[in-house]
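Asks: Sequence:
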Amino acid sequence: MTRVSLVCSLHSIALWTLCWVSGEETAITAQYGKDVTLTCIFPSKFKISFHRLSITWTKEGAQGQGLLVHRFYLKMNWREGQEEAYRGRTQLYPQEFPQGNASLRLSDVRLQDEGSYLCNVSCELGSWSQKISLIVLSDSEMERPIIVQPGEDVILNCSFQSELNHQPLNITWKKKEEEGPDLLVHSYCSEPDPLETQDEAYRGRTQLYPERFREGNASLRLKNIQLADDGIYTCHVKPQLGRFSVRMRVAVEKDAELLQSPSTWCSLWWIDLIVLLGILAFALLRMYYPSLWKLWLDKKSPRSESQQTVSDHKKDEEENKHLLRASSSTSMEPGVANPTHSPPAHSCPVRLQTFRFPSLFAHVSEV
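Under UniProt numbering, the sequence shown is numbered contiguously, ending at residue 367.
Honestly, the hints are just simulated from the structure, not real lab data.
If you're wondering where the values come from, they're calculated on a predicted model, not measured in any experiment.
For glycine and all other residues, C-beta sits at the position ideal for the given N, C-alpha and C.
Incorrect hints may appear among the rest.
What the hints assert, rightly or not - With a Cα cut of at most 25 Å, we get these calculated SDA-like pairs of lysine to any residue:
(1) K131 to C189
(2) K238 to S187
(3) K176 to R205
(4) K34 to V154
(5) K176 to Y73
(6) K34 to R89
Unchecked claim - Distance ranges between label pairs, derived from CB positions:
(7) S127 to G151: 17 to 25 Å
(8) A251 to P98: 27 to 35 Å
(9) I147 to G61: 21 to 29 Å
(10) I274 to N170: 58 to 66 Å
(11) N170 to S127: 25 to 33 Å
(12) F282 to Q226: 38 to 46 Å
With the hints as extra help, turn the sequences into a complete structure.
Replies: Put into structure tokens, the structure is as follows:
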């Protein structure tokens, strides 16, 4: 008796755990013509008999009815009743069912695929469901980006049918992420903005204009643009009678951000200073030390050894020719004996003609 009660209690706990509907609708963005995976994860803590596992994907129609997208039951994919527009474009992953993965792969995404999807999982323990919102981006929407510079403000336009403004509005702005769910930029639910779930990166930088809702205007003001703001934004307006969405791309000029960076300006200043000092050093070298300048030029322009020897010889002759000119003479009186046999007096007058250095030392010795 105790064992039966324990089994019933465990069964009740499992049933209570699995019978749950996800209240938060997950938004997924897809590119027109590409493939997308609609994520659906259900609890898999308890051993489930996959013979009785049923997975059903439906899409909310214009009149509120559910359109059958895909169904899996008795370990088979059932095509009966499937909407014609989805035939041959849907796929589940049965090998991942034990891990609680009931995600649906939708190939060749079309504009008509945009909307709300419901993933429903049921078995002997109960049922579980999750809502997913699919947003489809066309190529034309990617070709007309809003180009802004870092630090500026930008208005992201979003319009809806103004005749529905008397209904409670649910306005949501989101940014597409390459991986994972979209970021919540701003939300409005007919009351003061509930921004508790707003992404941290957009705190204090977003603003709607409730006084313009009656005109069908749900535009968002995004302040102090940053590089990370570059991407695709989607505006969802969900009155009770329909759903409207607008998509746009914001392109942030990265070069402008780079030039405005103080560290970049400091680096450019140091580069300019180094270049200026280099030019000044070459000018001083050429002005005050022409021989060194000539030597540096000779090293830069390689010559043959014979040409270099002839050129250097001519250069030495020219320098010796212009540096100084010396003449010598010896005078001896004929018939006069030199009792001391001392050598005749030899004079060497020296005349300096040009100076090529600040000082020149001359040494004259008697022969």
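Asks: All hints, please: hold or fail.
Replies: Evaluation of the provided hints:
{"no.": "1", "hint": "K131 to C189", "result": "holds (19 Å)"}
{"no.": "2", "hint": "K238 to S187", "result": "holds (11 Å)"}
{"no.": "3", "hint": "K176 to R205", "result": "holds (18 Å)"}
{"no.": "4", "hint": "K34 to V154", "result": "violated (30 Å)"}
{"no.": "5", "hint": "K176 to Y73", "result": "violated (33 Å)"}
{"no.": "6", "hint": "K34 to R89", "result": "holds (11 Å)"}
{"no.": "7", "hint": "S127 to G151: 17 to 25 Å", "result": "violated (51 Å)"}
{"no.": "8", "hint": "A251 to P98: 27 to 35 Å", "result": "violated (44 Å)"}
{"no.": "9", "hint": "I147 to G61: 21 to 29 Å", "result": "violated (38 Å)"}
{"no.": "10", "hint": "I274 to N170: 58 to 66 Å", "result": "holds (59 Å)"}
{"no.": "11", "hint": "N170 to S127: 25 to 33 Å", "result": "holds (26 Å)"}
{"no.": "12", "hint": "F282 to Q226: 38 to 46 Å", "result": "holds (44 Å)"}
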